[in-house]
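Chains as they are written, first to last, in our numbering: chain R, 4 to 185; chain S, 119 to 437.
Honestly, the hints are just simulated from the structure, not real lab data. The reader is advised that the hints may include incorrect statements.
Claimed, not checked - Just some of the chain R residues that point at chain S, by a computed CB distance under 8 Å: (1) T19; (2) A22; (3) T66; (4) I74; (5) L78; (6) T79; (7) P98; (8) L101; (9) H141; (10) S162.
To be verified - Reference listing, derived: stretches of chain S covered by chain R, where coverage requires no fewer than 3 residues with Cβ under 8 Å from a Cβ of chain R: (11) 120-128; (12) 209-223.
What the hints assert, rightly or not - Simulated pairs of lysine to aspartate or glutamate, DMTMM-like, Cα-Cα distance not exceeding 20 Å: (13) K305(S) x E182(S); (14) K157(S) x D145(R); (15) K55(R) x E93(R); (16) K120(S) x D35(R); (17) K135(R) x E200(S); (18) K157(S) x D99(R); (19) K305(S) x E200(S); (20) K20(R) x E125(S); (21) K135(R) x D199(S); (22) K110(R) x D99(R); (23) K433(S) x E46(R); (24) K120(S) x D58(R); (25) K157(S) x E46(R).
Because the structure is a prediction, the values reported are computed rather than measured. Glycine included, each C-beta is placed from N, C-alpha and C at the ideal position.
Here's the letter readout for the chains.
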Amino acid sequence: MKGQTRPPVTQETLLTKVAFNVNGKGQELQLDPRTTLLDALREHLHLTGSKKGCDHGQCGACTVIVEGRRINSCLTLAVMQQGARITTIEGLGTPDKLHAMQAAFVKCDGYQCGYCTPGQICSAVAMLDEIKAGVPSHVTADLRAQPQLTAAELRERMSGNLCRCGAYSNMAEAITEVGRTA
Amino acid sequence: MKAFTFERARTPAEAAAAAARTPGSRFIAGGTNLLDLMKLEIETPTHLIDVNGLGLDQIEPTPEGGLRIGALVRNTDLAADERVRRDYGVLSRALVAGASGQLRNMATTAGNLLQRTRCPYFYDTNQPCNKRAPGSGCGAIGGFSRQHAVIGVSEACIATHPSDMAVALRVLDAIVETIRPDGSTRKIAIADFHRLPGDQPQIETVLEAGELITAVTLPKPVGGAHIYYKVRDRASYAFALVSVAAIVQRDGTGRVALGGVAHKPWRVEAAEAEMPRGAQAVAGRLLAGAKPTEENAFKLKLVERAIGAALAEAKEAQP
Chain R
4 MKGQTRPPVT QETLLTKVAF NVNGKGQELQ LDPRTTLLDA LREHLHLTGS KKGCDHGQCG
64 ACTVIVEGRR INSCLTLAVM QQGARITTIE GLGTPDKLHA MQAAFVKCDG YQCGYCTPGQ
124 ICSAVAMLDE IKAGVPSHVT ADLRAQPQLT AAELRERMSG NLCRCGAYSN MAEAITEVGR
184 TA
Chain S
119 MKAFTFERAR TPAEAAAAAA RTPGSRFIAG GTNLLDLMKL EIETPTHLID VNGLGLDQIE
179 PTPEGGLRIG ALVRNTDLAA DERVRRDYGV LSRALVAGAS GQLRNMATTA GNLLQRTRCP
239 YFYDTNQPCN KRAPGSGCGA IGGFSRQHAV IGVSEACIAT HPSDMAVALR VLDAIVETIR
299 PDGSTRKIAI ADFHRLPGDQ PQIETVLEAG ELITAVTLPK PVGGAHIYYK VRDRASYAFA
359 LVSVAAIVQR DGTGRVALGG VAHKPWRVEA AEAEMPRGAQ AVAGRLLAGA KPTEENAFKL
419 KLVERAIGAA LAEAKEAQP
């Protein structure tokens, strides 16, 4: 509450240790607990592929894969990820050895400015795994049946990633291509 | 964001005791709502207790034939659970009608119940808000109130509860299990869990200081067609204008609860006797005594039509 007397918080009491694995490499950091996972990745580990769009979980540009699941890295504290396995766009593939989703985005021209692209790609990769695992969506007609990668499913499941350039149709093409061959 | 200290709790009892010991502390699990509010300095805890390590992440059958859902079960896992999809479809449907894939992967069962309103006057720290700053007034009353509550409102607050999941839990008669700082536990019916705003809209649930949710239990399945019908301004990733959770039996009897219309999931059991008579009769009883604003009076008709749509969908599901 504003105006309430707060106990003094010194730098010493603030710093908190956290260890996690990013793209196959162990990392140990001592952080101000206010540091989001996104800021830890970008500012402390210099992995600037993950982007800060809205910083409020509304745009999806910061999407990374933690323990195989896509999350908004702006809405979790780095210190909450103790022991986690984290994959960012840098860990999915490299310019010499692209992940199938990265290659498909290039092939289908699934972007314009490219700012939302790392989040779109991380989200799409994990989204295909969610369909395989049988996770239903808002447009899944039969809750008991295995969901399929239809156009409606794809759009619903990717609604947490915004693209201000509006390159959605080419992204949908890229994701569909990977989904069909996976 | 205001500075805070951080600890990782190892047991539910330890977490509750730590919360009671440390004034200004908050539990953090998924963090999708709390962290957002902390960035805006609407929430300013001085200490965070990370409860992710408490192991409350299982869904287990109960001796009564129901399910016990751990407080930390993520929204995605709950929606995808085979038993939930089969026996409590309204809950799966409500979960996947809310938020985005990324958020559902983080958000927990307990956190979903405890999320704060998305009233824009609550979010704008330049505006008066009795929920954010008690006694400062309500910007929504007389302001832009299209999204706001139409029933159970007070002169202090017309905010809605934003959860879809909670509306399904209300229609399923779920029970919230908690542990208190002294180690005692209690069970709270979902009907009694959330409060109406009254003159203290800043108090949203009946939880006591330091009390931690450990699980949500569902009674044994009741069968019927399970429908969650949500009306919103865009087709995905938006909060409800109104939503309807319905369980309808073949003979037309059943249960119905509403989201987007009140400070809590809205259910009036007496209204359910009207179900065989159709949507207009049910909506009339559910919304008796409604006090909409000029801007959100359309919700009364929208509720009736949404119930109509839900009942039609139920009929189609079990002809």
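Query - Numbers of the earlier hints that this structure fails to satisfy, in rising order - result: Hints 2, 7, 8, 14, 18, 19, 23 not satisfied by this model.
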